[in-house]
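K.L.:
Line by line, the protein sequences are chains A and B. The numbering used here puts the first residue of the first sequence at 65, with every later residue one more than the last. The numbering used here puts the first residue of the second sequence at 552, with every later residue one more than the last.
The set of hints was computed from the structure by calculation and includes no laboratory data. Note that the coordinates shown come from a computational prediction; the quantities given were computed from them, not determined experimentally. Note that CB positions come from ideal geometry on N, CA and C, so glycine has one too. Keep in mind that a hint or two might mislead.
[What the hints assert, rightly or not] Below are the PhoX-like pairs computed for lysine-lysine, each with C-alpha atoms no more than 25 Å apart in a straight line:
hint, chain 1, residue 1, chain 2, residue 2
1, B, Lys-627, B, Lys-589
2, A, Lys-162, B, Lys-840
3, B, Lys-585, A, Lys-234
4, B, Lys-787, B, Lys-840
5, B, Lys-585, A, Lys-88
6, B, Lys-642, A, Lys-162
[Stated by the list, open to error] Here are the in silico distance ranges between beta carbons for each label pair:
hint, chain 1, residue 1, chain 2, residue 2, range
7, A, Asp-319, B, Asp-702, 43 to 53 Å
8, A, Lys-234, B, Arg-681, 49 to 59 Å
9, B, Glu-690, A, Leu-196, 26 to 36 Å
10, B, Asp-702, A, Gln-95, 11 to 21 Å
11, A, Trp-292, B, Gln-632, 56 to 66 Å
12, B, Gly-644, A, Asp-94, 46 to 56 Å
13, A, Met-97, B, Arg-681, 44 to 54 Å
14, B, His-699, A, Asp-319, 23 to 33 Å
15, B, Asp-702, A, Leu-313, 31 to 41 Å
16, A, Gly-156, B, Lys-784, 51 to 61 Å
[Claimed, not checked] One side of the interface only, derived from the structure: several residues of chain B facing chain A at Cβ under 8 Å:
hint, residue
17, Leu-653
18, Gly-663
19, Leu-664
20, Arg-675
21, Ser-700
22, Ala-701
23, Ala-704
24, Asn-707
25, Leu-738
26, Arg-741
27, Val-754
28, Glu-793
29, Ile-857
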Amino acid sequence: MEIQTHSGNVFMNTTTMAYRNLLKTVHNPDQFMDVIVQPVMFMLMFGYLFGGAIAGGVHAYLPTIVPGILIQTMLSASSGSGSQIREDLDSGVFDRFKSLPMAHIAPLAGQLFGDILRLIIATITSLTTGYLMGWRPNVDFGWIIVIGLLAILTGWALSWLFALVGLLAKSAGAVQSFSLITMLVLSFMSNAFVPLKSLTKPLQVIAHLNPVTYVITAIRQILATGSWTHEALLVLGFDILIVAIFAPLTVWAYDRN
Amino acid sequence: MIYFVQGDLIKNKAQEGITMTTMKAIEVSHLTKKFGNKTVVDDISFEVQPGEVFGLLGPNGAGKTTTLRMITTLLKADAGQVKIFGHDTVKEGRLARSMFGLTGQYASVDEGLSARQNLMIFARLNGLSRQAAKQRTTELLTEFSLEHSADKALKNFSGGMRRRLDLAVSLITRPALIFLDEPTTGLDPRTRTQMWTTIRQLVQQGSTVVLTTQYLDEADALADRLAVIDHGKVVKMGTPAELKQQVGGTKLAFTVNEQTEVAAAVKLLAAQVSGAVQQTGQQLRVSLKQLAQLTPILTALTQAKIAISQLSVQEPSLDDVFMALTVGKN
Ligand SMILES: Nc1ncnc2c1ncn2[C@@H]1O[C@H](COP(=O)(O)OP(=O)(O)OP(=O)(O)O)[C@@H](O)[C@H]1O
Ligand SMILES: [Mg+2]
């Protein structure tokens, strides 16, 4: 007699896994530090410390720094995916996932879809902090949503990349230090905090090569003009390209594990 | 007990395990695994009948865990084949996986969650509906005496509680086949006995159990059949009784009181038993095939007027088997 079992449902398994990750975060709220405390702290510190020196005042500095810190926060939030995946793989619970008759890709997919929530929280925190400090972009609220979505998409695209790093790395510690360095280099070697013109020539070249510069420029342009720009389209295309390249690579690395 | 899972029907698998009398629960043939150039599992083959408790006994590093991981599809074998209730674990991996539960050597529950959440999530991942998952979770929490700590973080769990939860999670779908890798390592004697009781109950309900252990008393107490593994090879297979027999059966030892009578006693013994007579000073030792051989020996000694003392008859233990068969130092 044949034992009957259900046929797998990737969607349901992924939802369960995303729910699991959410529960874990609730049990361990430290994981929200990087998406709540960090953007608030950076916004306050940079705003009040450098605002005067760079832009002649906090208020004048906000249009520069809000998009800058928004993207920096996306970078660090997405880098969390990598270390989270590595930790999961190294813990015993992963053996159980593998021995269950569930969709094989669900743990990875659950992580990456669950992370969208972190990115949303990070975006709302960054923008709200800016607002409370006096940031008043001169565009319809709809455009604020648009830049929020663009930032989230960028963060999500990057989390595939960091997930790949997590899968290939030897330990969660290694992933974390790699992520931290990447985050610092990419965010500071860009136009996130200072105008490009103020940089020395070699740094300007680097900042121009840095994709983060383009994302921030696109967001600033939308906020300044209240219209969809050529740069924004470029960023959108770039995000989709990253997902198109790194999603299959990440799945491949995951299968290999 | 019947569960509806996404429209399909999962019957009580343990029950089906019994009815499939003609089918083997597990067929392992020529399983081999190398790590680098070290062969960790070397051409292992065995079969497990439905309803049986099969033990893999071996010292540290013998390859027990590696064997179990290959059978349960966690690790790819370099060579060989595994069938679970007739289904090839490579070709029909998912079907095979739905038929067993696994409790690994190291706790494989989610440290970041509570016991209830662990059970709920694994029940959902096993394909139970929300309702069925909830019900099964409550049942298992009660069955494993975890209801009072159900919502506490696992960080505060003792080793025994974690182990119980681990087993509970493996039993969510009432699998017909359960793998337990060192189920009682690190447990105190009381918790250990509880675990034994739980395992015996599973067997009574019709489950097939494969367990690994380094403890001989555990193998003796639980297993119907054993494979002794050393250096990745099956060195002996059989029931605990058969294995003990092979190590030399019952041991008889006594001391001859008078030095002058030792030679006569040795001659007398040699006539009665097939094995060699070991002599240390005035002490003589022989292995008996059966306990019934004892009476003729003692009668013969009395008739020959040979006085003896310090008589001892020792049943062989699995310890003897273990020491005789395994080399250790893997
Ligand atoms: N992933 C791995 N890479 C390299 N060697 C490994 C790996 N896993 C296990 N080994 C080696 O394989 C051998 C058998 O290991 P295994 O864990 O199967 O033994 P075991 O019988 O379960 O031992 P124990 O009683 O200590 O749990 C050991 O020498 C171990 O070092
Ligand atoms: Mg082991």
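K.L.:
Please go over all the hints and tell whether each is borne out by the structure.
P.N.:
We went through each hint and held it up to the structure:
1. Lys-627(B) with Lys-589(B): Holds. Lys-627(B) to Lys-589(B) sits at ~16 Å (cutoff 25 Å).
2. Lys-162(A) with Lys-840(B): Between Lys-162(A) and Lys-840(B) the Cα gap is close to 48 Å, so the pair fails against 25 Å, i.e. violated.
3. Lys-585(B) with Lys-234(A): With a Cα-Cα distance of about 21 Å, the restraint between Lys-585(B) and Lys-234(A) holds, given a limit of 25 Å.
4. Lys-787(B) with Lys-840(B): With a Cα-Cα distance of about 19 Å, the restraint between Lys-787(B) and Lys-840(B) holds, given a limit of 25 Å.
5. Lys-585(B) with Lys-88(A): Not OK: Lys-585(B) and Lys-88(A) at ~36 Å, beyond 25 Å, violated.
6. Lys-642(B) with Lys-162(A): Given that 25 Å is the threshold and the Cα spacing comes to 16 Å, the pair holds.
7. Asp-319(A) with Asp-702(B): 43 to 53 Å: violated (36 Å)
8. Lys-234(A) with Arg-681(B): 49 to 59 Å: Between Lys-234(A) and Arg-681(B), where Cβ atoms are some 39 Å apart, the hint is violated.
9. Glu-690(B) with Leu-196(A): 26 to 36 Å: Violated: the Cβ-Cβ distance is about 50 Å, outside 26 to 36 Å.
10. Asp-702(B) with Gln-95(A): 11 to 21 Å: Taking Cβ atoms as reference, Asp-702(B) and Gln-95(A) lie about 20 Å apart, which means the hint holds.
11. Trp-292(A) with Gln-632(B): 56 to 66 Å: holds (59 Å)
12. Gly-644(B) with Asp-94(A): 46 to 56 Å: Given range 46 to 56 Å: violated, Cβ gap about 37 Å.
13. Met-97(A) with Arg-681(B): 44 to 54 Å: violated (32 Å)
14. His-699(B) with Asp-319(A): 23 to 33 Å: Once the Cβ atoms are compared, 41 Å apart, the range 23 to 33 Å for Asp-319(A) and His-699(B) is violated.
15. Asp-702(B) with Leu-313(A): 31 to 41 Å: Because 40 Å falls inside the window, the suggested range holds.
16. Gly-156(A) with Lys-784(B): 51 to 61 Å: Once the Cβ atoms are compared, 27 Å apart, the range 51 to 61 Å for Lys-784(B) and Gly-156(A) is violated.
17. Leu-653: holds (5 Å)
18. Gly-663: Nearest chain A Cβ about 4 Å off; hint holds.
19. Leu-664: holds (6 Å)
20. Arg-675: holds (5 Å)
21. Ser-700: violated (15 Å)
22. Ala-701: violated (14 Å)
23. Ala-704: Because about 6 Å separates Ala-704(B) from the closest Cβ in chain A, which is inside the 8 Å limit, the hint holds.
24. Asn-707: Violated - the Cβ of Asn-707(B) stays beyond 8 Å from chain A, reaching only about 12 Å at its closest.
25. Leu-738: violated (17 Å)
26. Arg-741: violated (24 Å)
27. Val-754: Given a least distance of 19 Å, the restraint on Val-754(B) is violated.
28. Glu-793: Constraint on Glu-793(B) not satisfied, violated at 32 Å.
29. Ile-857: Cβ of Ile-857(B) sits 62 Å from chain A, so the hint is violated.
Consistency with the previously given hints fails for numbers 2, 5, 7, 8, 9, 12, 13, 14, 16, 21, 22, 24, 25, 26, 27, 28, 29, ordered from lowest to highest.
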